[in-house]
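*Asks:* Let the hints inform the model, and build the full structure from the sequences given.
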Amino acid sequence: MVVSVQLETTTEGEQLSAPRLRMKQAGAERGHVDGGWWPRATDLVAELPSLANALEQWVGPVTRVSYHLDTWGLVTRKVRVGDRMVRLEGFRFTDPHTITVIGSDSRGTILLVVPPGTDREAARAALRSAAGEESTAAAAEILSGKEFSPRP
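Residue numbers for the sequence shown follow our numbering, so the first one is 1 and each next one is one higher.
No lab work stands behind these hints: they were computed from the structure. Keep in mind that a hint or two might mislead.
Per label pair, the in silico range of CB-to-CB distance [as the list claims (entries may be wrong)]:
1. Gln-57 x Arg-87: 29 to 39 angstroms
2. Met-85 x Thr-136: 30 to 40 angstroms
3. Thr-136 x Phe-93: 18 to 28 angstroms
4. Leu-69 x Gly-27: 29 to 39 angstroms
5. Met-85 x Glu-121: 34 to 44 angstroms
6. Arg-84 x Glu-121: 19 to 29 angstroms
7. Asp-43 x Arg-120: 11 to 21 angstroms
8. Thr-76 x Gly-145: 16 to 26 angstroms
9. Thr-136 x Asp-83: 31 to 41 angstroms
10. Ser-144 x Arg-84: 35 to 45 angstroms
Where is the CB? At the ideal position from N, CA and C, for every residue including glycine.
*Replies:* Okay, structure coming up:
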């Protein structure tokens, strides 16, 4: 069973505040990723508040996010999410298709990041695969098809 916080809506009625996120259920097979996230844009600072709020049930209040510099580019070192500051750490040695979100008490989760311009059906398939109860696939394996290249 998959826990999803994504609200199903039409393209015209899509709720911009709800992150497109699917997470493995507690007790699922531990793999390379704990779930998947399909951001709407490549602006991590703009995308982070809704993602951080949605992930609180898994990691507690988010305190830190690690990301690949080539995927997100240079961003501010800290961003305010509600009443707290979240530290953003960019690296070149992390998987470019994932982000790591750390919360209170050092609880963390690794999310597959589906490129924002990906076709809706392909993106949903990737989210389902990342959050699959028995999925142990690496991010690159999940995103290996050409349909996961961002649309021009």
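*Asks:* So, for every hint listed, does it hold in this structure?
*Replies:* Here is what the structure says about each hint:
1. Range check, Gln-57 to Arg-87: Cβ separation about 21 angstroms, and the 29 to 39 angstroms hint is violated.
2. For the hinted restraint 30 to 40 angstroms between Met-85 and Thr-136, the CB-CB distance of approximately 34 angstroms keeps it satisfied.
3. Remark: the range hint 18 to 28 angstroms for Thr-136 to Phe-93 is upheld by a beta-carbon distance near 22 angstroms.
4. Restraint check, Leu-69 to Gly-27: a C-beta distance of roughly 34 angstroms satisfies the suggested window 29 to 39 angstroms.
5. Hint check: Met-85 to Glu-121, Cβ distance near 37 angstroms, so the stated range 34 to 44 angstroms holds.
6. As the Cβ distance of Arg-84 to Glu-121 is approximately 36 angstroms, the hint placing it in 19 to 29 angstroms is violated.
7. The beta-carbon spacing between Asp-43 and Arg-120, approximately 20 angstroms, falls within the hinted interval of 11 to 21 angstroms.
8. One distance hint, 16 to 26 angstroms for the beta-carbon pair Thr-76 and Gly-145, is violated here, with the actual separation near 33 angstroms.
9. In this structure the supplied range 31 to 41 angstroms holds for Thr-136 paired with Asp-83, their Cβ-Cβ distance being about 37 angstroms.
10. At about 37 angstroms, the beta-carbon gap between Ser-144 and Arg-84 stays in the expected band of 35 to 45 angstroms.
Hints 1, 6 and 8 from the earlier list are contradicted by this structure; the remaining hints agree with it.
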